[in-house]
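Peer 1: Spelled out from the first residue to the last, the chains are:
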Amino acid sequence: MIPYVKSKLKTFVGGIHPREDGKHLTRDTKEIAAPLPKTVYLLMNQHIGAPCKPIVKKGDFVKKGQLVGESQGFVSANIHASISGKVLDVAPWPHPVTGTKSPAVIIERADDDSWIEGADVPFDPDQITPDQIRQLVQSAGIVGLGGATFPTHVKLTPPRDKTIDTVVMNGAECEPYLTCDYRLMLDKPHEIIQGLKLVMKCIGCKNAHIGIEANKEDVYALFKSIVSDEPNIKVDLLEVKYPQGAEHQLIKALLHREFKPKQLPLEVGAIVINVATAFSIYEAVRFKRPLIQRIITVTGDGVEKPQNFLVRLGTPVKSLLEEAMASPHINKIIFGGPMMGIAQSNRDTAVTVKGTGGILALRSAQQFRSRACIRCGRCIEHCPYGLNPGELSIQSEAQEFNLAQENNVMECKECGCCTYICPAKRPIVHLIKFAKVEIAKQTAKKAASAG
Amino acid sequence: MSNQVRNYSPLIISASPHIRDVESIPRIMWSVVLALIPAGIAGLFVFGYYCLYIIFLSVATAVITEAIIAWQRKMPVFSTIGDGSAVVTGILLAYILPPGVSWYVPVVGSFFAIAIVKHTFGGLGNNIWNPALAARAFLQVAYPVAVNSDWRILHHGIGNLVHNIVKIDSEGNMIDAVTRATPLAKEAGAETYHLAQLLMGNVPGCIGETSVIALLLGGMYLIYKRYIKWYIPVYYIATVFIMVLILPPQMKTPWANNPFYHIFAGGLFLGAFFMATDMVTSPLTKPGLVIFAVGAGILTVLIRFYSGYPEGVCYSILLMNTATPLIDRFTKPRLYGTRIKRV
Chain A
1 MIPYVKSKLK TFVGGIHPRE DGKHLTRDTK EIAAPLPKTV YLLMNQHIGA
51 PCKPIVKKGD FVKKGQLVGE SQGFVSANIH ASISGKVLDV APWPHPVTGT
101 KSPAVIIERA DDDSWIEGAD VPFDPDQITP DQIRQLVQSA GIVGLGGATF
151 PTHVKLTPPR DKTIDTVVMN GAECEPYLTC DYRLMLDKPH EIIQGLKLVM
201 KCIGCKNAHI GIEANKEDVY ALFKSIVSDE PNIKVDLLEV KYPQGAEHQL
251 IKALLHREFK PKQLPLEVGA IVINVATAFS IYEAVRFKRP LIQRIITVTG
301 DGVEKPQNFL VRLGTPVKSL LEEAMASPHI NKIIFGGPMM GIAQSNRDTA
351 VTVKGTGGIL ALRSAQQFRS RACIRCGRCI EHCPYGLNPG ELSIQSEAQE
401 FNLAQENNVM ECKECGCCTY ICPAKRPIVH LIKFAKVEIA KQTAKKAASA
451 G
Chain B
1 MSNQVRNYSP LIISASPHIR DVESIPRIMW SVVLALIPAG IAGLFVFGYY
51 CLYIIFLSVA TAVITEAIIA WQRKMPVFST IGDGSAVVTG ILLAYILPPG
101 VSWYVPVVGS FFAIAIVKHT FGGLGNNIWN PALAARAFLQ VAYPVAVNSD
151 WRILHHGIGN LVHNIVKIDS EGNMIDAVTR ATPLAKEAGA ETYHLAQLLM
201 GNVPGCIGET SVIALLLGGM YLIYKRYIKW YIPVYYIATV FIMVLILPPQ
251 MKTPWANNPF YHIFAGGLFL GAFFMATDMV TSPLTKPGLV IFAVGAGILT
301 VLIRFYSGYP EGVCYSILLM NTATPLIDRF TKPRLYGTRI KRV
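Protein chains in written order, with the numbering used here: chain A, 1 to 451; chain B, 1 to 343.
What the hints contain is simulated information worked out from the structure, not anything from laboratory work. Glycine included, each C-beta is placed from N, C-alpha and C at the ideal position. Mixed in with the good hints there might be a few duds.
As the list claims (entries may be wrong) - Cβ-Cβ distance ranges computed for the label pairs, FRET-style:
{"no.": "1", "chain 1": "A", "residue 1": "Thr39", "chain 2": "B", "residue 2": "Arg329", "range": "50 to 60 Å"}
{"no.": "2", "chain 1": "B", "residue 1": "Leu245", "chain 2": "A", "residue 2": "Lys260", "range": "19 to 29 Å"}
{"no.": "3", "chain 1": "A", "residue 1": "His329", "chain 2": "B", "residue 2": "Gly82", "range": "25 to 35 Å"}
{"no.": "4", "chain 1": "A", "residue 1": "Thr129", "chain 2": "B", "residue 2": "Arg329", "range": "27 to 37 Å"}
{"no.": "5", "chain 1": "B", "residue 1": "Thr120", "chain 2": "A", "residue 2": "Gly99", "range": "37 to 47 Å"}
{"no.": "6", "chain 1": "A", "residue 1": "His329", "chain 2": "B", "residue 2": "Arg226", "range": "33 to 43 Å"}
{"no.": "7", "chain 1": "A", "residue 1": "Asp165", "chain 2": "B", "residue 2": "Leu319", "range": "51 to 61 Å"}
{"no.": "8", "chain 1": "B", "residue 1": "Ile246", "chain 2": "A", "residue 2": "Pro159", "range": "56 to 66 Å"}
Bound conformation, chain A alone:
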C-alpha cells in the first residue's frame, strides 16, 4: 500500500463522515452473475429526460440486446432487452424511483441467451472517429451510472462555445455500503481506462483526472501503475468523506474549480464520468454491447449473504434479495445508498433500473422523532453548497415558499448531510423536497396563467 498523510488528501469544504460505513460487508465479494430472472420489467424512463417509446408489442419475440424502447428526443436514452424471450405485455409498472407507474416492456425469458445479430462483435477502436464514439454510446443507451442517470451522449456533446480541458473520472464511491464501483475498478481497470480514453478522444480533450477515495488504496495503486507512462492522466487519492463523489465536490477537490450548484461541470471546463459509465462506454464501443446489465451491491443487515451481483436490467428485486438470503423481517428496502437512496414501498414490484447501484435491505431501520431546531448551525457547517438547510426546512414547514426560494432552496442537491448531522433529527431534505415541488407547481401555474 502507498502511505499517505490524511491532511494532504484532496477534498472539499463541508460534508460528513458517516458513522456507519458498511462497505466491509461486501468489499471482498467478487461480483457474481445473478441467476437470470424469469421475467424482466424494462421501464421506459430509466434516465433523466424524455421517456422512451416502446417499439415492441405483446407476443413479440425479442433477443438479448434488441432495442425495445426508442429514445424520444436528444436528452433520452435507448432501452434494450436484457434477456431473450417473449414480450408478455407492454403495460404500466410501478417505478422504483419516481414511485408512480410508468410504461414497461415485460419479457418472459426463453432458454436461449444469445445476443441479437450486430451486437457483441469486436470492433477495433483505434480507427474510430469522435462522432462514431458518440453515435455508439447513444445507440447503446448509456446513462450516468453513478445514480444521476443523465444520458451520456449528451455529456459527450458539449456546446460549441465551451471548451472542455479535463475529463474527471469518479472513482470515489462515497455512499456508505456500496462497493459496486470498487469491485468493478479492481476487476476491470484496463477496460475502465480504455473507456476514459474513448471519452477523451470523443470530446477532443487532452487531460484526465481520476479521483479515488483513500479507503480504496489498492485501486489507487492499480490505476497508478496502469497510467504510469501517461502524464496526461492523473490519479489522486481523496479524503473519505461524503459527498466526495458528487460533481461539485469532485471537481473542487481535484481541479480547485467552483461552480454554482445548478450549473453543469462544463461551465468550468470539465466533464465527470463515473467508472461504471466508462466501463459501459468501453463495452459499447469495443464490442457494440448495449447497456443491459450492471453491478449491484445487495447489502445491509437484512441479508445474510451481502454481495455484489452482475444484474440484468429490469430484474425484480425480490429475486436478488432471495439470492442474498434476505430475512423476512427486513423493514426497509433502499435503492441506492443510505444517504441518497430511495425507500421502496413494495418488495414484490420493485425492479432494477440503470441507476440502481445498490439495494440496501435493513431489518433495524429506525424512525426518528423530530424536535424543534435549536439553531446549532451544524447543517450550515456541513452543507457542501453553502445553504442554510435548517432555515429552509422551517420555511418549508411554514409554507413560506417565496422566502425559501429567496434563500436558494432550488440550489439544494439533496445530498442529505444536513439531515444526517441534525441533532434535532429534523427531516430537512424531506421538507426541502416538498418546498421544491410546491415552488415548481407555483411556477407552472404562473406560466399557465401568463400565457
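Starting from the known structure of chain A, fit chain B onto it as the hints suggest.
Peer 2: Positioned in the frame of chain A, the structure of chain B alone reads:
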C-alpha cells in the same frame, strides 16, 4: 393483495438520508449538565451546602414549569422535559445567584425563565434571550437587594467540607461564614483578591461563577465533544482582555487596569463557556459567532468600566442575543460557486 396474509414486516418509507448521526438534543443538553457539575462542586466547597438547596429549587421549578406548560401546549411532556434544556436553565440560573439568596428568588426566577422567556416565544429553539440570563435581569429589577447582597463565604474555605454547613445563631447571624465584597466591587476600599484565589474560586460571588478552573474543565469537555465552538469563549475572553488594556477605567481600584484580574473575576468564564455558547440565542455561522463574541466582550468592559454595575457579562450577552437576528442577516453562508473572483 390486501387480504393476503403476509409473513413479513411492513416496510418503512421515508425520504433520504436513511442513517443519522448519534448526536441528539438530549445528548447535548445532558452533556452541558455534566459539564456544569465541577463548577457546582466548587460552589459547594466555597459557599456551603445551602447553595445545593438553591440549585435544587431552581432546577425543580424549571422542570415543573416546563412540564405544566408542555402539557398545556399538548406537547409530549416527558420527552420535552427529558431533553434536558429545562435542567440546564435551572442550573445556570442558580449559578448566577448569590449563595445566600432567599428561597423564593430562584423559584420566581426559574418560573420566569421557562414560562416567560422560553415558552411565550415558542419553547426550545425559539426564545430570543438566554432564559437564565433574562431571568437574572428580571430578578435584578424585582429583587435588587436580594440578588446583590449576602455574598457569604465560608471562613475556612476549600478543604473543610465537613464543616461547610453554615450555622446561623439565634439572631440570624452566620457563625461560620462571613460576608465580604465581591472581586469586582467598585466601592473605595473594596477588597482585592489574589489571581490564584480567583482561579480556584475561593472568593465571594455567585454560586457557580467563582471557580475558573472548574468552569474551564467543563468548558473543555464541551469543546472536546464539539457541543460548543472553541472560538466563542476564546474571542469573548480575548476581547475583554484587550479592551481592559485599551480603555481608561472610571473606578480607582488597584485592579482596574489589570486584564488578568478582569478575565478571572466575576462571571466571565461562566458566561463565555456556558451562556454565550447557547446555540438557540447566538448566531448561526462562524463569522456571526465571532461578531457576537467580540461584541459581548466590548459591552462587558464598557459596563464594568462606565456603569453603576460591577459586572457586565449578563447584560452584554443579553444585548448580543437581541442583535443575533441582525447578525445572522449579515453573515449568511456564501452559496457555493458564487465567490467573487479577484481580477
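Peer 1: Against each hint, give a clear statement of whether it holds in the structure.
Peer 2: Status of the hints after comparison with the structure:
1. A:Thr39 / B:Arg329: 50 to 60 Å: 58 Å, holds
2. B:Leu245 / A:Lys260: 19 to 29 Å: The hinted range 19 to 29 Å is violated for Leu245 of chain B and Lys260 of chain A, with Cβ atoms some 45 Å apart.
3. A:His329 / B:Gly82: 25 to 35 Å: 29 Å, holds
4. A:Thr129 / B:Arg329: 27 to 37 Å: Because 56 Å falls outside the window, the suggested range is violated.
5. B:Thr120 / A:Gly99: 37 to 47 Å: Holds, at about 42 Å.
6. A:His329 / B:Arg226: 33 to 43 Å: With a Cβ separation near 36 Å, His329 of chain A and Arg226 of chain B satisfy 33 to 43 Å, so the hint holds.
7. A:Asp165 / B:Leu319: 51 to 61 Å: Since the Cβ atoms of Asp165 of chain A and Leu319 of chain B sit about 53 Å apart, the hinted range of 51 to 61 Å holds.
8. B:Ile246 / A:Pro159: 56 to 66 Å: With a Cβ separation near 58 Å, Ile246 of chain B and Pro159 of chain A satisfy 56 to 66 Å, so the hint holds.
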